[in-house]
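Engineer: Quick note: the sequence shown uses the working numbering, first residue 99, plus one each step.
Rather than coming from a laboratory, the hints here were simulated on the basis of the structure.
Some hints here could point you the wrong way.
[What the hints assert, rightly or not] Below are the DSBU-like pairs computed for lysine-lysine, each with C-alpha atoms no more than 30 Å apart in a straight line: (1) Lys133 / Lys256; (2) Lys147 / Lys133; (3) Lys256 / Lys124; (4) Lys124 / Lys162.
[Said to hold, decoys possible] Computed spacing ranges between beta-carbons, pair by pair: (5) Asp193 / Lys263: 33 to 39 Å; (6) Pro209 / Asn235: 36 to 42 Å; (7) Glu192 / Asp241: 28 to 34 Å; (8) Ala191 / Ser253: 19 to 25 Å; (9) Lys262 / Glu196: 20 to 26 Å; (10) Gly250 / Ser129: 18 to 24 Å; (11) Lys162 / Lys224: 31 to 37 Å; (12) Gly211 / Glu237: 20 to 26 Å; (13) Lys263 / Gly211: 19 to 25 Å; (14) Lys219 / Lys143: 22 to 28 Å.
Virtual Cβ for every residue (Gly too), placed ideally from N, Cα, C.
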Amino acid sequence: MLAPLLRPQGIFQFARYASTCSSSGKHFLGSVPLKRGDESADASKLSGKPLVLYFSAGWCRSCKMFTPKIREFYENYKGNDLNIVWISRDRSAEDQLEYYKKSMPDWHYVPYGDEIQNLLKKYDVKTIPAVKVVNDNGEVIDDGARMKIEKGETSPEKLVEEWKKNL
99 MLAPLLRPQG IFQFARYAST CSSSGKHFLG SVPLKRGDES ADASKLSGKP
149 LVLYFSAGWC RSCKMFTPKI REFYENYKGN DLNIVWISRD RSAEDQLEYY
199 KKSMPDWHYV PYGDEIQNLL KKYDVKTIPA VKVVNDNGEV IDDGARMKIE
249 KGETSPEKLV EEWKKNL
């Protein structure tokens with residue numbers, strides 16, 4: 099069962115998420131604050147590889163069941179040309195950090211705040227867990243990745259190769 103999202107009221111700004119990679123050389127997440135562990139992270143280091151956007155939350159039972167599967171997928175992948183960015187639907191910064199430290203590998207993540215709402219809207223995420231594989235422009239190249247990872251019928255190497263063909 100997928101968890102519905104609670105949508106806070108607010109105005110969403112999407113201009114900064116426009117596809118600018120091809121014209122300016124910037125990654126589509128270039129203006130989004132990113133962290134990895136306790137440190138700030140640079141989105142330009144995500145370029146040229148399939149990027150998995152993983153939307154989940156610590157309060158979500160379905161997410162708690164799926165997180166070990168995507169973590170195993172990531173840990174079993176033998177290459178170094180895959181990145182995952184976790185986008186939390188937790189209800190506070192404290193809850194987000196607790197779930198990250200407890201359940202996530204050393205993935206990039208978007209810190210708690212308005213940027214998360216913008217990404218939820220941009221990718222039309224209505225339920226979690228959700229997985230979107232995107233290119234450097236932020237265009238979705240695989241909207242069915244969650245089911246592929248969950249079923250485990252295709253090796254991580256084969257899935258990543260498939261995604262790389264669509265970059």
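Engineer: Would the hint linking Lys256 and Lys124 be met if the CA-CA limit is 30 Å?
Structural biologist: Distance of about 28 Å is within 30 Å: holds.
Engineer: Straight-line Cα separation of Lys133 and Lys256 no greater than 30 Å?
Structural biologist: holds (28 Å)
Engineer: Given a hint of 19 to 25 Å, does the C-beta separation of Lys263 and Gly211 actually sit inside it?
Structural biologist: violated (34 Å)
Engineer: Could you tell me whether the CB distance from Glu192 to Asp241 stays inside 28 to 34 Å?
Structural biologist: holds (31 Å)
Engineer: Taking the beta carbons of Lys219 and Lys143, is their distance inside 22 to 28 Å?
Structural biologist: At roughly 25 Å between Cβ atoms, Lys143 and Lys219 fall inside 22 to 28 Å, so the hint holds.
Engineer: Using the beta carbons of Asp193 and Lys263, state whether their distance is inside 33 to 39 Å or not.
Structural biologist: About 38 Å separates the Cβ atoms of Asp193 and Lys263, which means 33 to 39 Å holds.
Engineer: Take a quick look at whether Lys124 and Lys162 sit within 30 Å of each other, Cα to Cα.
Structural biologist: Roughly 33 Å between the alpha carbons, so the hint for Lys124 and Lys162 is violated.
Engineer: Is it true that Ala191 and Ser253 lie within 19 to 25 Å of each other by Cβ?
Structural biologist: Given about 36 Å between the Cβ atoms, the range is violated.
Engineer: Per the hint of 36 to 42 Å, is the separation of the Cβ atoms of Pro209 and Asn235 within bounds?
Structural biologist: violated (23 Å)
Engineer: For the range 20 to 26 Å, tell me whether the beta carbons of Lys262 and Glu196 fit it or not.
Structural biologist: 34 Å Cβ-Cβ, so the 20 to 26 Å window is violated.
Engineer: Just tell me: holds or violated, for the beta carbon distance of Gly250 and Ser129 against 18 to 24 Å?
Structural biologist: violated (35 Å)
Engineer: Decide if the proposed pair is consistent with the structure: Lys147 and Lys133, CA atoms, cutoff 30 Å inclusive.
Structural biologist: Holds, because 18 Å separates the two Cα atoms, which is no more than 30 Å.
Consistency with the previously given hints fails for numbers 4, 6, 8, 9, 10, 11 and 13, ordered from lowest to highest.
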